Structure formats: structure tokens, C-alpha cells
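Just so you know, the sequences run in chain order A and B.
Numbering-wise, the first sequence is residues 1 to 407 according to UniProt numbering.
Numbering-wise, the second sequence is residues 1 to 407 according to UniProt numbering.
One or more hints might be untrue.
Cβ-to-Cβ under 10 angstroms is the rule here; a few derived chain A residues that face chain B [what the hints assert, rightly or not]:
(1) Ile133
(2) Gly262
(3) Ile286
No farther apart than 20 angstroms at their CA atoms in a straight line, the calculated lysine to aspartate or glutamate pairs in the DMTMM-like style are these [said to hold, decoys possible]:
(4) B:Lys67 <-> A:Glu47
(5) B:Lys402 <-> B:Asp371
(6) A:Lys266 <-> B:Glu263
(7) B:Lys292 <-> B:Glu95
(8) A:Lys5 <-> B:Glu263
(9) B:Lys67 <-> B:Glu56
(10) B:Lys5 <-> A:Asp208
(11) A:Lys309 <-> A:Glu320
Label-pair restraints from in silico Cβ distances [unchecked claim]:
(12) B:Lys387 <-> A:Gly294: 37 to 43 angstroms
(13) B:Asp313 <-> A:Ser386: 56 to 62 angstroms
(14) B:Glu167 <-> A:Pro78: 57 to 63 angstroms
(15) B:Glu79 <-> A:Lys89: 56 to 62 angstroms
(16) A:Lys387 <-> B:Asp226: 44 to 50 angstroms
Simulated from the structure, these hints should not be mistaken for laboratory data.
Fair warning: this is a prediction, and the values are worked out from it, not measured in the lab.
Here a beta-carbon is modelled for each residue, glycine too, at the ideal position from N, C-alpha and C.
Protein chains: 2
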Amino acid sequence: MDYTKYLAGRANWIKGSALADVMKKASELQKKGVKLISLAAGDPDPELIPRAVLGEIAKEVLEKEPKSVMYTPANGIPELREELAAFLKKYDHLEVSPENIVITIGGTGALDLLGRVLIDPGDVVITENPSYINTLLAFEQLGAKIEGVPVDNDGMRVDLLEEKIKELKAKGQKVKLIYTIPTGQNPMGVTMSMERRKALLEIASKYDLLIIEDTAYNFMRYEGGDIVPLKALDNEGRVIVAGTLSKVLGTGFRIGWIIAEGEILKKVLMQKQPIDFCAPAISQYIALEYLKRGYFEKYHLEGALLGYKEKRDIMLKALENHLPNAEFTKPIAGMFVMFFLPEGADGISFANELMEREGVVVVPGKPFYTDESGKNAIRLNFSRPSKEEIPIGIKKLAKLYKEKFGE
Amino acid sequence: MDYTKYLAGRANWIKGSALADVMKKASELQKKGVKLISLAAGDPDPELIPRAVLGEIAKEVLEKEPKSVMYTPANGIPELREELAAFLKKYDHLEVSPENIVITIGGTGALDLLGRVLIDPGDVVITENPSYINTLLAFEQLGAKIEGVPVDNDGMRVDLLEEKIKELKAKGQKVKLIYTIPTGQNPMGVTMSMERRKALLEIASKYDLLIIEDTAYNFMRYEGGDIVPLKALDNEGRVIVAGTLSKVLGTGFRIGWIIAEGEILKKVLMQKQPIDFCAPAISQYIALEYLKRGYFEKYHLEGALLGYKEKRDIMLKALENHLPNAEFTKPIAGMFVMFFLPEGADGISFANELMEREGVVVVPGKPFYTDESGKNAIRLNFSRPSKEEIPIGIKKLAKLYKEKFGE
């Protein structure tokens, strides 16, 4: 039966992820028994997450708390929203009322809910170029047109943002929204400077735009002192936060949140129950107990985070040793290093060759870009591979690099 | 700050649930310390769910399986899809390949994903009248126009369906889709007869329509022998299934599924990762172990289900005793009885008075209706209240009923 005629018009806006090919090939090789080193992941290390502790909590809450197997309120269990408000105050400079927090299906679910309330087909969303591929795809599914602003080591080139807005407005396009990951950006690994954060807020105010701040990596900071989220600098209510515990508890629990107010909060709340009912109760109770018992401090800040920092150091050192002249970012937060082949080189074919010849999986940068640039970029992840795998992977990458492009 | 101007046009289609008022009032009374008996729930009994067993599984998988804290494939972990295919074959007459199953955020998430792929603004969706309120709201958020077909004790009045389709087509409306809950319908509690199931499929074929079959209550069957889902009778591939383990494991795990094929499956898959990434890994592993270990038979068929049947019997007996002349449905599946006040009476004000005066919470039926009928309907739930609460609740309902309307 041909189902094409039944599809909604908006199904045309659904695009596949260009990363799927790489991942499919990797999985086929693994099925054949080929041993691969993966620098391609997008999540934290399950060996650094206190899984046994979470298991104990899960057992306890499932046994003792009937609500742990039931629907929760659509915006999340009140105790978790309260605990989260206290957590965000203590660890992320945010003074938020629990009433303004909506617990979502991970950060992904938060972004989709916001997109559905805010984006009309044809609306322009300005993002960093490159930006997180799933957000680009989710917003495109809603009919958004994505326009990117280049990124350097200090984050979005806010100096180019105003030009971009003017240019779009001159063309009669409707710009409503800026989406940014200021801290530990995916895929660049860079963190926006304080100066640019302030400038970004000023421009948003001048042009009356909303900002969606994706704080996914705010709890994966290794240095740079206290980094203040845009939301904490926002006096006008222009910043809506999409946050997540995925990088702390693990991505599989699907616990994220929206911080919003007014009509946006109201519409998000009304919209939510009919489309996902609530975030998983068991995950919400695990998150609640984890935060309440002070495990963020004990197992994350004094545990996992040190492990990620060590792995980042190992990756950067290996890159510096083997490829002292190559260009790559030096993250102070997050879990990615963006590595650049020489200008004009093709990251996709390099990634394929690296996997086939050397057994090292990396993610080409191109699909994260909003235009044709970034062809030579390769995203490297340091949170998931082991400390032993990272230098081997980088050495093999360097070998292929030198063979193709010289020192 | 006034956020109204930033809202997308589609935000106008987001409506609040008319049930929210009742629930809010109930929660306010409870906060004041008023003890209420609730016949208003929409989920199974957490005391009949083997929570300690699920807790043991959770502890085990979190400790031993690193993948239990990580992203899963967007369509779900392969082992669960395989186990589910075997489960559906054994307990629901379905021969489905694991490749055609997509694990979703509960049945709610399944319905929203399908709506997003299939419904264009202005498209007509035909449903039972009344039907599940969250589906009505979710589809309306996508711009659907809902048209209802009346329901009697044998389910959707399929004899009226064809007229309805002709009438809509004559008005130039685009009918694409029928949404039905054939077994243990919410809110009516009725089950579609085999004869009507066949007739429904014939009409869908004649008018080239798709059917979304919501199988939420297929594992809450108390009598009526083997009830065969539409999907198992479907030779043309017209039926898409939205299923869930919510009524077995508990609603809080958020494990549902879509069964689809061809372009619809392809678009659902492409769409899914950017908008929710995956169903919760921990819930997927709990579901996997629950099914694999034969716990469905042990704890559900030979456990919880007997409890729900007993509670159903208690509710029906109490209604028959106290209100022998009143009209109400007699469910052979699901968890609801629809109770009707005399023609012309107002269910919403009756529900309010019942809560305030007698401390019994029920859900007015009106919000489930697609038109102005059903003003006198009251939805009663028997799965959640205890065996002791049900006869007390019904007795109090009967007292108010008699006071207002006589015997």
C-alpha cells in the first residue's frame, strides 16, 4: 500500500539526520566483529555515572512510593520542581520559582515543546553555525528557516549577529527567536564570553527577539570560573531556558525542563499533557532523590566531572602532541572538541576512511552547519571513550591526517 | 512582558482540558484536609502493580547494564521490540515484525507522533463520540477537525459512520483518518463487536481511509472471550496501532508503541529522534525484563487483572443495587463505566455538588464529547479506588442522584 497520499504536508519538513549513515556503517562493522574506537558519542560515560546508587534509589522509590508508577502532573512532580529550583539557584545562578519550571522529556522534549508554541512555518530561527543537529531538525519539522551566525572560541560571533538580523529583516523575513548553547556548545565545544552574553541580550532587546538558551552542558564545566547563564543576566524576560539532567544522571532518564513565564508557560502547559502526558515518573523520582540527597555534589562535581576533565586533557594533549599544527577547539565545558581538516578537505570522506581503515569512529561536522561551510570539520567526543582509548584514537586519526595532508 | 505576539499561529489550537477544573478543585479540597473518594482516575492501581518486583528489576539493570542510563535507538532497544512482537503475537493476535514497532513515550506519545505525520490543518478525524479527551486535544493542536460517531454498547455505531463520511465529503471536507478505541473504550467502557469491527474495516476500505487503533485497554479484558484487534483483521494495511504498557506496568513508565509500515513508519522514525530522542531507557529495560521473565502472566493475568475484574463487579453491583433504573455501561474491558443522569441533567454541576457535599470525585463526561451531547454523562473509574471505597462512593452518588432525580 502506498501511504504517501495520507501524509500531512508538514511531513515534507521532516528530514533524516545526516549522521545516520555514519552510525549505520559503524554498527554494521561492529556486527561483523570489527573492534572500533568511538569518538562519536553524544552522551556521558555510563561508567562515571553512579549506576548502583541510582539502582538503589529506583528500588526504594518503586517499592515505597505508589506515585512512582503513575502519571505525574504534566509539569512534573512538585517536589522535583522545588528541588530543581534550589539546585539551579545553588549551581547555576538562577532564581526561579518552581511554578516556572516544566519537567520535560529531556532537553530534546523541552526544545520541541517550545518550538511548537513559538515557531510558525516560515519563521526564521537564528542559531550558532554550527549548532546542535537535533534542534535544527526539530525546528525545521515545524517549518522554521534556520539562519546561522559563525562561532569562534568565544562562542557566537555576536558582532555578526546584528548584521544578520538587519539583512534578514531587509529581505522581509520574520525573525522571532535566537537559539543558543552558550556553554560547552555542541558541536563546537566553545563557551560564550561574558562580554558576548551581554551583547547578545542587548541585541535581543533592540530587535525585540526571544532567546532560547540551551543549558545542556552547564553542569559540565571544567574551568573558566563561574559561568553565568544568559537567563541570570536577563532583566526583560527574553530568555527561555531548555535544560536537562542528561549530562548528570545519564541521557536515558529523559529528564529535562523548560523555564518560562506568562503566555508561553501557559501554552506549554496546556499543550503538554495531550502530547506526552508527563515525563517518566520513575525518572522524576530518581532525579528528586539524587538532588535531595546531595549526590550531585558527591557523585558529579567530586566524581564524574573530574573524570570528564581528565579525558578532555588527555584528548587535547594527544592532539597537541600528534598534530601540533592542526586547528581544533579547546573546550572549557561540554564534551566535544571540533577538529578541522585543512581548508577544502572533506570531513565526510575522511570520517569514512578513518572508520574503515583505522577503526576509529568520528562524526563529520558538516550536518551541524546551517550552510555549506564546515565541510572540513570533524566532531570529537571525549566524554564516552575510556582514558586508554582516547590517545589510541587520536594517534590513528593523526596517522591518516598526516598521510593525506602532511604534518 | 507580553509574550502573546511571539506565539505561533498553531498555539491558538492549543486548548486546555476541561477536566482541569474538577481536578484542581479536588486537589484544593484535599489540601484543606478533606478526605475524598475518587472515582475520577484514569490509570491502574499502584497497589496491584508488582512494584517491589519492578524495583528489583530496576536495581539490577541500572547496576549491570550501562545502556540503561543512555540514549537508546530512537525506535527503542531491539531486544524490547523483539520481546514485544512475541508478546503481541501471544496475547493480542498480532503478527508483527520488530522492525514495524516504534517504542514511544506512552500511548500519548504514539498518538502525537502519528498525528504529526498524518494530520494537516483542516483535516477531519472521525472518532467515537465520546472519545479519549487527550487524543481529541492532541489532534486539535495539529489543526484537526474532530467529527464524532455515536457509541452504544457494541462500540462505535458503524451503521452511522458511512452516512457521516458521505455527509462530510459532500461538504467538501477532507476525511483521512478514523481514530478508534475498539476495546474497553475510554470513556464509555464499551467494546466493539466483531461484526462492527469487520464493517468498520470495510468502510475504511471503501472510502480509502486510514484507521488509528488505540489498543490501550487490550490487556484489561475481563470477559467476552478472545477479542481480536482491528489490526489482526486488516488485510490492506489500513490500520495503524497506538499501544501501551501503561495499563500493565503503570502509566508512569511512559512505554507505548506504534505499529506502522511503509512511508508512515519511515516518517515517524525520522521525526522521532529530534523531538523526544527515545523513550526512557530505564523504562524500556524494566519492560523488557518484565515481559521476558513471564511476569505478564504471573503478575498481570493471574494477579492485577483479577483485582480489576473484582472491582468492576463491585461497582456494577453497587450501581444495580442503589440505582436499578439508572442508565450506565457494563464494561467487559477497560477501567471505566459511563453513567448517565436523566436526559437534560447537567453532569458538570452534579459532579461539583457530589464532590463538595459528599466528597466523591467523578469526571463529567461532557469534555469527552465531540458535540453538545453527553451533558448528562459521568465517567466512573473502578481500577484505582479500593474495593472498600467503591461501594461507599456509589452509595453517595446514588444518594445525591435520588435527591435530585428520584429513584
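Results of checking the hints against the structure:
1. Interface restraint check: A:Ile133 against chain B, minimum CB-CB distance 8 angstroms, threshold 10 angstroms, status holds.
2. Interface hint status for A:Gly262: upheld, as the beta-carbon distance to the closest one in chain B is roughly 5 angstroms, under 10 angstroms.
3. Interface restraint check: A:Ile286 against chain B, minimum CB-CB distance 8 angstroms, threshold 10 angstroms, status holds.
4. This hinted pair checks out: B:Lys67 and A:Glu47 have alpha carbons roughly 10 angstroms apart, not beyond 20 angstroms.
5. Simply put, B:Lys402 and B:Asp371 have alpha-carbon atoms about 28 angstroms apart, too far for the 20 angstroms limit, and the pair is violated.
6. Annotation: proposed proximity of A:Lys266 to B:Glu263 is violated, straight-line Cα distance about 35 angstroms (limit 20 angstroms).
7. With a C-alpha separation of about 18 angstroms, the suggested pairing of B:Lys292 with B:Glu95 holds against the 20 angstroms cut-off.
8. For the proposed pair A:Lys5 and B:Glu263, the alpha carbon gap of about 10 angstroms is at most 20 angstroms, so the pair holds.
9. A distance of roughly 17 angstroms separates the Cα atoms of B:Lys67 and B:Glu56; the hinted pair therefore holds under the 20 angstroms criterion.
10. Only pairs whose Cα atoms come within 20 angstroms are accepted, and B:Lys5 paired with A:Asp208 is accepted, the gap being roughly 11 angstroms.
11. Between A:Lys309 and A:Glu320 the alpha-carbon distance is near 16 angstroms, which keeps this suggested pair within the 20 angstroms criterion.
12. Evaluation of the 37 to 43 angstroms hint for B:Lys387 and A:Gly294 yields a pass: the beta carbon distance comes to about 42 angstroms.
13. At roughly 58 angstroms, the beta-carbon separation of B:Asp313 and A:Ser386 lies within the given 56 to 62 angstroms, and the hint holds.
14. A hinted range of 57 to 63 angstroms for the beta carbons of B:Glu167 and A:Pro78 is inconsistent with their spacing of about 47 angstroms.
15. One distance hint, 56 to 62 angstroms for the beta-carbon pair B:Glu79 and A:Lys89, is violated here, with the actual separation near 41 angstroms.
16. For the hinted restraint 44 to 50 angstroms between A:Lys387 and B:Asp226, the CB-CB distance of approximately 57 angstroms leaves it violated.
Violated hints for the displayed structure, listed by number in ascending order: 5, 6, 14, 15, 16.
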